[in-house]
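K.L.:
Chain by chain, the residues run as shown.
Number of protein chains: 2
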Amino acid sequence: MEVLKKKILSQGTVIGSEILKVDSFLNHQIDVKLLNEIGLEFKKRFANQEITKILTVEASGIGIACIVAQYFNNVPVVFAKKHEATTLDAGVYEAEVFSFTKNKNYKIKTSKKYINKEDKILIIDDFLANGNAALGLISISRQAGADVVGVGIVIEKGFQKGRICIEKEGVKVESLAIIKSLKGNEVLFE
Amino acid sequence: MEVLKKKILSQGTVIGSEILKVDSFLNHQIDVKLLNEIGLEFKKRFANQEITKILTVEASGIGIACIVAQYFNNVPVVFAKKHEATTLDAGVYEAEVFSFTKNKNYKIKTSKKYINKEDKILIIDDFLANGNAALGLISISRQAGADVVGVGIVIEKGFQKGRICIEKEGVKVESLAIIKSLKGNEVLFE
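If you read the sequences in order, they're chains A and B. Take the first sequence: its position 104, counted from the start at 1, is 103 in numbering that gives the first Met the number 0, and no numbers get skipped. Take the second sequence: its position 127, counted from the start at 1, is 126 in numbering that gives the first Met the number 0, and no numbers get skipped.
One should not assume that every hint holds.
Unchecked claim - SDA-like mimics (lysine to any residue), calculated; alpha carbons at most 20 Å apart, straight line:
#: 1; chain 1: B; residue 1: LYS5; chain 2: B; residue 2: LYS32
#: 2; chain 1: A; residue 1: LYS4; chain 2: A; residue 2: GLU117
#: 3; chain 1: B; residue 1: LYS81; chain 2: A; residue 2: SER98
#: 4; chain 1: A; residue 1: LYS81; chain 2: B; residue 2: LYS5
#: 5; chain 1: A; residue 1: LYS32; chain 2: B; residue 2: TYR70
Since the hints were derived computationally from the structure, they do not count as laboratory data. None of the values given here were measured: they were computed from a predicted structure.
Only chain A is shown next, with the shape it has when bound in the complex (with noise of 0.2 Å):
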């Protein structure tokens, strides 16, 4: 996605070999305008498939995941909790996720009320890295009994695993930026 490349030529920030920082328009600051380009593009990616319900994770992903859904005609949007929350039911779905970033194992968990059985799930996120994420959010679509349509990620690290990692549960990957490498605080694409 040509417009998406230029923003993170243009505006991102290279620290050491493994972090892209993309503050200034996608995950502190965010740049609404890109945001719908963004939701047109998954539903390219995404077109000719039924998709009841987007699945997210706090706190990137909501903005990301409410906007796309507008293409996918507005289907609700369900993000993942990662904190405890003291108004979340008794009933969740949860998994175990591993963040790099902090380096530290946190829970994910999702209200049984809001996944169930009958939903198509499309996963966003804006980062895919190791799939740390996607993987919970995935094991909680399926703990619920619904099929994950597919995972539609902002910018993906190709040099790191996660797409290998969903790949192997079957679940089809599109991102719409695939980083081939950051050495030398340069941003090379696929």
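Start from chain A and add chain B according to the hints.
P.N.:
Below, chain B alone, put in the same frame as chain A:
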């Protein structure tokens, strides 16, 4: 806003006399069509106001803010972060917020890069109770020298002191549903 009030009455759950759960359409599962109606209503409430940025706080505020931004010429959304983020810059504005739901203090932070003194800010959040999150966002805006045009709230607990505290700061509050009481498991609107 009638459609919102109906949704609260049909899907909200009252817990005790102070907590209203709206997990099924606002802060766990999200009704994107309703968010669009909310965006349109905020546009009416803040008509003819110059707004350059929408500020909210993670996590539930993000989806609302992104959809609302579409009704304000796709201005950028900035969300304050609640948790220590390793990828956040050293240069931040921060405010201390007390959460009654979680009974503890936490800091909210926004990178100095994304709010500046030219900004006219609309603060958006899902709930207004004691006003702590909104006051924190007003403080962050003012640290940056920005103008706060107003605070737009989806559901206000009118029996708590949030509105008074914000109006004391000289900031206009617009809430789309104001709850007078949650006593006896019943939602009464003002």
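K.L.:
Hint by hint, say whether it matches the structure.
P.N.:
How the hints compare with the structure:
no.: 1; hint: B:LYS5 <-> B:LYS32; result: holds, 14 Å
no.: 2; hint: A:LYS4 <-> A:GLU117; result: violated, 36 Å
no.: 3; hint: B:LYS81 <-> A:SER98; result: holds, 17 Å
no.: 4; hint: A:LYS81 <-> B:LYS5; result: violated, 30 Å
no.: 5; hint: A:LYS32 <-> B:TYR70; result: holds, 11 Å
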